[in-house]
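Peer 1: Chain residues, written in single-letter form:
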Amino acid sequence: MFKPISLKGLALGLAWGLALALSQVGHAQGEPVVPGWVSDARLGEVFYKRGAYNFDVYNVDPLARDLNGVAVGHSMAYEDLVTGKAAQLETKTYDRIVRVLKSPPKLMPAERFISPTFGRKYGYLEKLFDWTHILHAQTIDVLASADLTPEQKDKELEALWKFYKSSAPYTVTGLPLNMEFLDSQPYSGAFRRKYPKVNGLFWGYHWLQGAVYDMLWKSRSKGDMTWQYELVGKQYRESELYKTDRDFMPMFAETSPAFARRFPQMANAFDNLHMLHDMVNDILATNGMTEAQREAEIKRAIAMVVDDSHKGEDAGDQREGNAFHDHRSMEGQPGMGMMKMASPQLMFMPGMGWMSMNECGHCSMPMVLDPKAGYGATVSAEGWTMEVRCMLCARDMAAQVSGQALVRGNTEDPNRPLLLKSDDEGNWTANLKDVVFLEVEGPHATCSEWSRAFTSRAAFDAYVKAQQAENEEDESLKNAKPLTLKEWSARQGKEPDTYEKKQGPVPNPYKTDKKAEPAKPEVPKGAQATAKPAPKSCCSGDKK
Amino acid sequence: MSFKTFRQNVVGFGLTLLLAVGMLGATATPAQAHETACPYCKLPVVQDTKELDNEVVLRYGNKRIEYRCLLCAIGEAKSKYKKDVTILAPSDVKGKPVVIKRVDGEWTTEDKDALFIYAKGSHTECQTRYRAVRDKAGFDAFVKANPQTLKDAKALTLKEMVELSK
Chain A
265 MFKPISLKGL ALGLAWGLAL ALSQVGHAQG EPVVPGWVSD ARLGEVFYKR GAYNFDVYNV
325 DPLARDLNGV AVGHSMAYED LVTGKAAQLE TKTYDRIVRV LKSPPKLMPA ERFISPTFGR
385 KYGYLEKLFD WTHILHAQTI DVLASADLTP EQKDKELEAL WKFYKSSAPY TVTGLPLNME
445 FLDSQPYSGA FRRKYPKVNG LFWGYHWLQG AVYDMLWKSR SKGDMTWQYE LVGKQYRESE
505 LYKTDRDFMP MFAETSPAFA RRFPQMANAF DNLHMLHDMV NDILATNGMT EAQREAEIKR
565 AIAMVVDDSH KGEDAGDQRE GNAFHDHRSM EGQPGMGMMK MASPQLMFMP GMGWMSMNEC
625 GHCSMPMVLD PKAGYGATVS AEGWTMEVRC MLCARDMAAQ VSGQALVRGN TEDPNRPLLL
685 KSDDEGNWTA NLKDVVFLEV EGPHATCSEW SRAFTSRAAF DAYVKAQQAE NEEDESLKNA
745 KPLTLKEWSA RQGKEPDTYE KKQGPVPNPY KTDKKAEPAK PEVPKGAQAT AKPAPKSCCS
805 GDKK
Chain B
516 MSFKTFRQNV VGFGLTLLLA VGMLGATATP AQAHETACPY CKLPVVQDTK ELDNEVVLRY
576 GNKRIEYRCL LCAIGEAKSK YKKDVTILAP SDVKGKPVVI KRVDGEWTTE DKDALFIYAK
636 GSHTECQTRY RAVRDKAGFD AFVKANPQTL KDAKALTLKE MVELSK
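If you read the sequences in order, they're chains A and B.
Per the working numbering, residue 265 is the first one in the first sequence, and the count goes up by one each step.
Per the working numbering, residue 516 is the first one in the second sequence, and the count goes up by one each step.
Pulled out of the complex, with its shape left as it was, chain A reads as follows (with noise of 0.2 Å):
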């Protein structure tokens, strides 16, 4: 039935008209072109890479029922978002969504069969999403497999990468994009203003995408897999679900930062992917577009992250003046695109502040991130995964925080990873049930050296054999002797005397508003001049 526009109606129409046009100043002429395949009405059904692995990812049952529940949360959403329930998408559809993630179905349904109405309205979106899900699923179930070596793994992920650009019609670009610019947009921000709840559902599920890569590929067997996600879908389901004060969607590197390194292009997708869900997001919750804006507003930003707008770009490409075509990634992390007011050297990291992903999150000194080196690892804990150089590092950033955490390091044996669990106490258990420590401490610009996990007490004894052969004149390792884990837990390194702490151009880029910075500590003045000199203390350096 034709609808009279109302003068309300028209006047949005155009404020948006002018707004969406005014927002492409500054691009070449026409960019980004929207292709004409994305009006194909076809189906374009694309399925599974042919594989032993396929759905492997129930090797983690809970695992694979959480990334079910996640394909039925996104789909209720959008699908009450297009017909006309979005007044209630905070409180009933929320309450729906949150049912069926406490109680996640055993298969994964098509989401085209929980969002019908948004499937048919918005057909062409719907089809690079299932394609690019199913990569998802497929690196999810070729990294879950028991029966797959290291390399086999290694070697099927990049296969599965060439499936899906030769594949599917259209797909996300693996390069790095330029997530400021993609959320500058004249909508950005409107979904999670007016929907904190469910778009903090949407971050969770982000976060449970991103967070389980580096789990499984650390993992030597399933008992790995199931014995870190029993920690880490409780920090999905208790926490990450529920957190609405993100300042901004969680990105691949920051939850799995080793499988982001060493699959760039996987990491960089799903970034783009996601960040696609959020534009899309934005725009439907836009008041004010007419149907027809909206529409266009979905191809735009589809064009923004897929190949065709960047044939002939490559990583570390950059404009001059256009972000758009801004390919630069973290120093150190090309599995991640430039932030707000980042540069390659630093970006602000939601939640922990300025940093360099060059360094260690402990002590500040730069990391060398090959696996084969024989050290280094990464820290998670309270939903936040950090790199650092060294054993101690790791135990002591840890320490710091409250509740359990996982660490995983590397042994001498690169196919042979260190997995640490702690309980919320710090006693740590471990998966390699005869790893030793080494641990002589020292300047933390060598901590690398002197602070190892090896797999067993030969190897520790063959190490410490080279490095005095290497150096006869350093005797600091002469007397070490391998610790146990127990012994290795109790222990506490000093504060690392390397440690900087980042400054970035404003305290956080996410919170411009001078109402919301904190307000700066006060520094209490002592009373040093009148009290009693203390005595000197054989430990003042060491009081904690």
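Derived from the structure by calculation, the hints contain no laboratory data.
Any given hint could turn out to be false.
Ranges of calculated distance between the beta carbons of each label pair, as one might list FRET restraints [unchecked claim]:
1. Asp599/B x Phe377/A: 32 to 42 Å
2. Thr693/A x Glu625/B: 32 to 42 Å
3. Ala279/A x Lys635/B: 48 to 58 Å
4. Val618/B x Arg755/A: 18 to 28 Å
5. Arg363/A x Val618/B: 52 to 62 Å
6. Gln756/A x Lys635/B: 44 to 54 Å
7. Val704/A x Lys616/B: 38 to 48 Å
8. Glu751/A x Lys616/B: 18 to 28 Å
9. Asn679/A x Lys635/B: 53 to 63 Å
10. Lys635/B x Arg583/A: 49 to 59 Å
Reference excerpt, derived from the structure (chain A facing chain B, CB under 8 Å, subset only) [claimed, not checked]:
11. Val665
12. Ser666
13. Gly690
14. Asn691
15. Asn695
16. Asp698
17. Ser753
18. Gln756
19. Gly757
20. Lys765
SDA-like cross-link-like pairs, simulated, lysine to any residue; straight-line CA separation at most 20 Å [claimed, not checked]:
21. Lys461/A x Thr508/A
22. Lys758/A x Gly576/B
23. Lys593/B x Asp687/A
24. Lys758/A x Glu550/B
25. Lys557/B x Glu646/A
26. Lys557/B x Glu640/B
27. Lys685/A x Lys557/B
28. Lys598/B x Asp687/A
29. Lys681/B x Trp622/B
30. Lys681/B x Leu558/B
31. Lys498/A x Lys758/A
32. Lys758/A x Lys681/B
33. Lys598/B x Ala754/A
34. Lys775/A x Lys557/B
35. Lys765/A x Lys565/B
36. Lys593/B x Leu679/B
37. Lys595/B x Asp687/A
Built from N, CA and C at the ideal position, the CB exists for glycine as well.
Starting from the structure of chain A, add chain B where the hints point.
Peer 2: Chain B only, in chain A's frame:
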């Protein structure tokens, strides 16, 4: 000097130089390890200075977690940590925290002369308002050094301080 040591020195110098000049648009504050937000009140933990300790440390098993003030640490201990805890409460004397323990639910300190400053007010000044001191002389001196903030300060026992912490 061995080649290895020489190499370490060169690398160390190079890295230091790199760190010093390589951070475009950024600066760094050295050696104030792990500035962090208080897990209880979410305000920044005030860092130790050369003259005065400010970081409150709660030990729980192998955990060593920093809090902004003693009230926060005790509050978190009461609400979150069910087993024994030790709190190192910075005092008026650098390097001499007041050590507080909760064992089987009972709070004690071996620092028999220790008192606890309590001056109710804005939490942005909590590091000054809720603080351990080693003795009465320390209390008087600290209050004198912070006359505005602590003009109504009380000197509490440990038991009183624990009761007031939420």
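Peer 1: Against this structure, judge whether each hint is valid.
Peer 2: Going down the list of hints, with the structure as the test:
1. Asp599/B x Phe377/A: 32 to 42 Å: Given range 32 to 42 Å: violated, Cβ gap about 54 Å.
2. Thr693/A x Glu625/B: 32 to 42 Å: holds, 33 Å
3. Ala279/A x Lys635/B: 48 to 58 Å: holds, 51 Å
4. Val618/B x Arg755/A: 18 to 28 Å: holds, 23 Å
5. Arg363/A x Val618/B: 52 to 62 Å: violated, 44 Å
6. Gln756/A x Lys635/B: 44 to 54 Å: With Cβ atoms ~34 Å apart, the hint is violated.
7. Val704/A x Lys616/B: 38 to 48 Å: Given range 38 to 48 Å: violated, Cβ gap about 31 Å.
8. Glu751/A x Lys616/B: 18 to 28 Å: holds, 24 Å
9. Asn679/A x Lys635/B: 53 to 63 Å: For asparagine 679/A and lysine 635/B the Cβ distance comes to about 59 Å; the hint holds.
10. Lys635/B x Arg583/A: 49 to 59 Å: holds, 58 Å
11. Val665: holds, 7 Å
12. Ser666: At 6 Å from the nearest chain B Cβ, serine 666/A passes the 8 Å test, so the hint holds.
13. Gly690: Holds - the Cβ of glycine 690/A comes within 8 Å of chain B, reaching about 3 Å at its closest.
14. Asn691: holds, 6 Å
15. Asn695: violated, 19 Å
16. Asp698: violated, 21 Å
17. Ser753: holds, 6 Å
18. Gln756: This interface hint holds because 6 Å falls under the 8 Å limit.
19. Gly757: Violated, about 11 Å.
20. Lys765: holds, 5 Å
21. Lys461/A x Thr508/A: OK: lysine 461/A and threonine 508/A at ~6 Å, within 20 Å.
22. Lys758/A x Gly576/B: Holds, at roughly 18 Å.
23. Lys593/B x Asp687/A: holds, 19 Å
24. Lys758/A x Glu550/B: Roughly 15 Å separates the two Cα atoms, so the pair holds.
25. Lys557/B x Glu646/A: holds, 14 Å
26. Lys557/B x Glu640/B: holds, 14 Å
27. Lys685/A x Lys557/B: violated, 26 Å
28. Lys598/B x Asp687/A: holds, 13 Å
29. Lys681/B x Trp622/B: holds, 15 Å
30. Lys681/B x Leu558/B: holds, 16 Å
31. Lys498/A x Lys758/A: It is violated: about 31 Å lies between the C-alpha atoms, which goes past 20 Å.
32. Lys758/A x Lys681/B: violated, 31 Å
33. Lys598/B x Ala754/A: holds, 17 Å
34. Lys775/A x Lys557/B: holds, 16 Å
35. Lys765/A x Lys565/B: holds, 17 Å
36. Lys593/B x Leu679/B: holds, 11 Å
37. Lys595/B x Asp687/A: holds, 14 Å
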